[in-house]
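What follows is each chain in one-letter form.
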Amino acid sequence: MSQRFSVKLLISLSVIGLLFSCKKETFTPIDISQLNPDSTVTYTALDTWIKANFLDPYNVEVIYRANSYFHEYDRNVTPPDPSMVQPYLQTVLDGYYAPYNNVAGENFLKKYGFKQFVLYGSTSYDASLVGYAGTASGGIRINIFGLDGFSASSPSNVTSRLGVIHHEYTHILQQTFPMPSDFQQFTAAYYNANWPSTSADTSHKYGFVSSYASGSPVEDMAETNRAMLVSGPSWFDYWVKTSTAGSAGLRQKESSIVNYYNNIGIDYRALQKDVQLYIKDSLKDPSVTFPYWLSKGTPYSSLTVNLSDQMYSLYGQSASFAKVYQNLKDSIKAQTSWLATDIQLLFTKKDSMTVRIPFTYGDGTGSFLGDFDFAMSVNPNTGIIQFTKVTNKTGTTYSNGSYFTRSFTNTLQAYLTSNIFIGDWLQYKPEYNVPANLFTKTGGFYVQSDPTNYFYGTLGE
Amino acid sequence: MRKLLIIFSFAIVFTALQSCKKTSFVAKFDKTPEARMADTIAFVKNSLMSAPNGWIVLTPVYFGGGYGFYMSFDDSMNVTMYSDLLDQFASESYTSQTRIRADLGAALTFESYNYITELNDPDNNVRNGYGGDVDYIYDHTNGDSIIFLGKRYRASLIFVKATAAEQTIYQTGGYLTAIKAFRDFFVTNSNAYISLEDGTNISIEPNSSNDLSAGKRITFTALDPKGNISSALGKFAYTVDQMAILDSGINIAGLRFIKIAWKDANTLAAYTDNGKEYVIKNSTTPILPLYMLMGVKYSSLYGPYKTILPGTSSDGATILNYYYNNLNNSSILGYSFNSGSITLQWNLANQRVSFIGFCSQNGGSSGWNTTIVYTYTLDANGYYTFTKFSAASGGYVSKIMTTLDSFLTSNTVKLGYYIDPATNTVYGQISSIENPNTTMTFQLHQ
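Protein sequences appear in the order of chains H and U.
For the first sequence, numbering that gives the first Met the number 0 assigns the number 0 to the initial residue and increments by one for each residue that follows.
For the second sequence, numbering that gives the first Met the number 0 assigns the number 0 to the initial residue and increments by one for each residue that follows.
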């Protein structure tokens with residue numbers, strides 16, 4: 000027993016000996032500080048600016064120096080010209096960070112924003128030769144490609160690049176907050192992974208904002224959100240109105256995205272308004288203005304002005320116009336004893352407008368319409384709008400109007416034809432404090448030489 | 000048995016205790032890997048920064064031709080660069096950041112945009128670019144040269160120390176002047192060639208464009224006294240004093256040509272790797288026979304309206320005049336035309352020649368083409384045999400193309416140059432082998 004024990008002991012000792020036999024008493028620990036012998040980056044004024052504006056406030060690492068480990072290994076992607084970096088990043092601060100900070104609070108992007116921002120000069124092409132402007136991964140990193148073509152002086156270029164950020168950030172959100180489960184059901188029958196083969200017209204027809212959106216629900220949501228935030232609500236309404244089979248699906252997606260944001264505590268319409276006002280007022284991109292969409296003829300079909308509406312006590316009214324408005328009503332009453340109830344501007348085509356005056360008998364009974372035709376010239380770039388009286392068409396509403404032509408001619412017609420107007424959304428002055436949900440749903444005109452002389456109303460589509 | 004087990008156990012313990020004794024270990028290197036990498040990085044970095052006059056840099060890219068640069072590095076590894084990629088790049092410097100990093104070796108990374116980035120840029124040739132790199136791995140040093148290899152495309156990037164004089168030229172706009180001088184030489188000397196001692200002539204044709212598949216390349220074509228022809232193509236890059244032929248140079252006629260450089264103010268010469276110099280001359284006509292250049296250098300033979308060019312025999316004139324003089328013959332054509340021309344257009348890829356009869360009613364400003372297509376065979380002597388591939392189609396003049404059509408299909412023909420002694424103009428001439436008295440001269444169109 001004892002000998003057997005001795006044998007066991009010896010075997011045990013040998014095992015212990017084996018365990019200790021390779022003890023690395025002579026092993027030299029690696030000095031981690033020396034492990035990567037790269038020459039250090041030379042910090043420039045740009046790096047200091049990036050640190051102050053991205054790393055310090057948001058803990059975001061902006062990488063613009065060439066680093067092939069941040070893009071797909073099988074692609075050539077070149078580093079950007081540093082002269083493009085700060086102007087580009089400034090538009091990201093103004094058109095992405097600022098709206099989120101304003102609406103969601105400064106902590107939102109600090110917590111849920113991307114943490115690595117990698118910038119490249121060239122486009123990134125996949126094996127199918129499809130070029131990419133951006134990618135998002137892991138909920139933390141956004142790659143931006145094609146920065147060498149950036150032009151801070153080109154509003155359309157900046158707006159386009161801003162669209163990439165909002166698209167990619169939608170992916171970052173998706174990677175943090177699961178996308179709405181219903182989203183992929185709205186136009187489920189029309190997704191096609193081979194999206195380059197889907198034309199823009201076809202994707203439009205079936206309820207997508209772009210061909211790329213028709214590739215998958217994930218990209219669809221990112222593209223739809225980009226379109227709503229950056230192309231803007233007018234563009235989206237135009238897109239819905241000019242789609243056929245996809246109109247309902249587009250509206251459902253819009254609603255789903257608004258709810259998605261609301262569920263994570265962000266007032267989507269307020270965010271949308273902030274992004275839009277940056278594009279309109281800072282970038283001066285005409286494609287998001289009221290005159291631009293008037294000049295397109297779609298989606299806006301009418302503007303209703305009724306100064307007795309509560310809107311005008313909340314957001315103010317122009318004394319000059321109020322006088323014209325009242326004179327019109329008084330003059331019609333004096334001429335015909337009828338009561339004009341409000342004014343409507345019907346945008347019948349992109350270059351014509353009909354003023355419609357609803358009225359009743361003097362005792363308030365009946366309901367009639369009086370029409371007067373104008374030509375309308377709109378400069379989508381300057382926002383200048385001019386009205387010229389033209390011969391009325393014929394019909395009952397024109398016959399009705401003819402009973403108070405003199406009243407109309409001397410008041411509202413004179414006002415419309417003797418002034419040069421600038422068109423804008425009601426929110427053109429922040430002090431109006433107009434709710435975000437009215438943005439692009441209300442608009443009007445002010446006299447170019449006297450901005451205190453204006454009228455506005457609810458836009459109809 | 001138990002004793003054996005005990006002895007065996009002791010042996011195991013003893014072996015275990017001794018087995019990993021480190022005294023016998025001899026390191027293959029005297030430093031750790033990271034220390035050696037640090038040494039390499041420091042060496043490359045110091046080398047690049049310590050060239051007081053900067054570097055002349057050459058690279059044959061993977062998909063495109065060859066490209067030349069001048070680069071100088073400051074103390075922070077910022078690089079200031081000129082390039083022969085575009086005239087603007089050759090005359091205006093651009094500064095960007097570089098860094099030496101540990102990668103698959105010590106890597107010189109062009110960290111931000113500069114002219115060299117254009118060779119990697121996938122927007123310049125979708126997806127692949129020109130086959131240049133952003134990361135270049137240090138390969139070796141050779142005298143005053145440092146050689147890197149592109150990380151992806153493995154094209155060499157060769158740094159050669161510049162002299163003070165060269166630096167001055169680069170920094171004062173002289174690079175573009177030098178490039179233009181080379182380009183102008185080959186425009187003026189459009190049939191450039193060199194003659195070897197054995198009578199072999201070698202034509203030299205550089206393509207200084209940035210065309211992906213043909214640009215920044217130079218073709219040497221040798222024609223020996225026996226009439227044998229061989230050709231070689233190389234990539235080249237401009238420096239301020241030479242067109243450097245990259246990779247291993249151009250091997251032809253038993254020689255290896257590595258550069259073209261100025262022998263004196265007006266004379267260019269080609270130089271071999273062992274320093275032999277061959278002055279580049281210009282020939283009135285191309286060194287190569289015309290049949291080798293149709294479809295390559297020249298696209299067509301062209302006969303202008305009612306123009307019988309010198310060198311055309313009377314039999315040839317009869318053939319051509321049948322076309323020209325009947326253009327206004329409505330009894331043959333049904334219509335009358337006041338202008339027209341003859342074109343024989345080569346299509347090398349398909350080995351076809353199109354005979355295009357053009358007719359016009361407004362003096363040639365616009366009109367109609369009638370086309371007959373031939374296939375052809377070319378024998379060892381350079382003689383053509385044409386076979387009709389498709390009959391006349393289009394236009395209105397097929398009925399007056401018959402004489403030349405008949406000539407082409409019933410004769411073996413050869414092509415040659417014809418120099419008008421009065422004007423020294425070089426024309427292309429078609430002659431019949433069977434009827435040597437039938438010759439027709441045409442303009443050579445590129």
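Do not rely on the hints blindly, as some may be mistaken.
Taking CB as the label site, the calculated pair distances span [stated by the list, open to error]:
1. U:N250 with H:S127: 38 to 48 angstroms
2. H:V40 with U:P32: 39 to 49 angstroms
3. U:S364 with H:L128: 39 to 49 angstroms
4. U:G393 with H:Q184: 29 to 39 angstroms
5. H:K283 with U:P32: 39 to 49 angstroms
6. H:S196 with U:G226: 49 to 59 angstroms
7. H:N258 with U:A41: 53 to 63 angstroms
8. H:D125 with U:P32: 48 to 58 angstroms
9. U:F42 with H:V40: 33 to 43 angstroms
10. U:F42 with H:K50: 30 to 40 angstroms
11. U:P32 with H:S127: 35 to 45 angstroms
12. U:S144 with H:D73: 25 to 35 angstroms
13. U:G393 with H:T241: 55 to 65 angstroms
No lab work stands behind these hints, which were simulated from the structure alone.
These figures come from a predicted structure and were not determined experimentally.
Where a beta carbon is used, it is the ideal one built from N, C-alpha and C, also for glycine.
Hints, one by one, checked against the model:
The hinted window of 38 to 48 angstroms between N250 of chain U and S127 of chain H holds, with their beta carbons roughly 40 angstroms apart. Here the CB-CB span from V40 of chain H to P32 of chain U is close to 23 angstroms, at odds with the stated 39 to 49 angstroms. Judged by the Cβ atoms, the range 39 to 49 angstroms given for S364 of chain U and L128 of chain H holds: they are separated by roughly 41 angstroms. Taken as a hint, the range 29 to 39 angstroms is violated for the pair G393 of chain U and Q184 of chain H, whose Cβ atoms sit roughly 58 angstroms apart.
In this structure, K283 of chain H and P32 of chain U break the distance hint of 39 to 49 angstroms, their C-beta atoms being roughly 57 angstroms apart. For S196 of chain H paired with G226 of chain U, a C-beta distance near 55 angstroms keeps the hint of 49 to 59 angstroms intact. In this structure the hint that N258 of chain H and A41 of chain U lie 53 to 63 angstroms apart at CB holds, the actual value being about 59 angstroms. For the pair D125 of chain H and P32 of chain U, the beta carbons lie near 36 angstroms from each other, so the given range of 48 to 58 angstroms is not met.
Range check, F42 of chain U to V40 of chain H: Cβ separation about 20 angstroms, and the 33 to 43 angstroms hint is violated. The given range of 30 to 40 angstroms is respected by F42 of chain U and K50 of chain H, whose C-beta atoms sit roughly 31 angstroms from each other. Restraint check, P32 of chain U to S127 of chain H: a C-beta distance of roughly 40 angstroms satisfies the suggested window 35 to 45 angstroms. The beta-carbon spacing between S144 of chain U and D73 of chain H, approximately 32 angstroms, falls within the hinted interval of 25 to 35 angstroms.
The hint said 55 to 65 angstroms for the Cβ distance between G393 of chain U and T241 of chain H, and at roughly 44 angstroms that hint is violated.
The structure shown violates the earlier hints numbered 2, 4, 5, 8, 9, 13.
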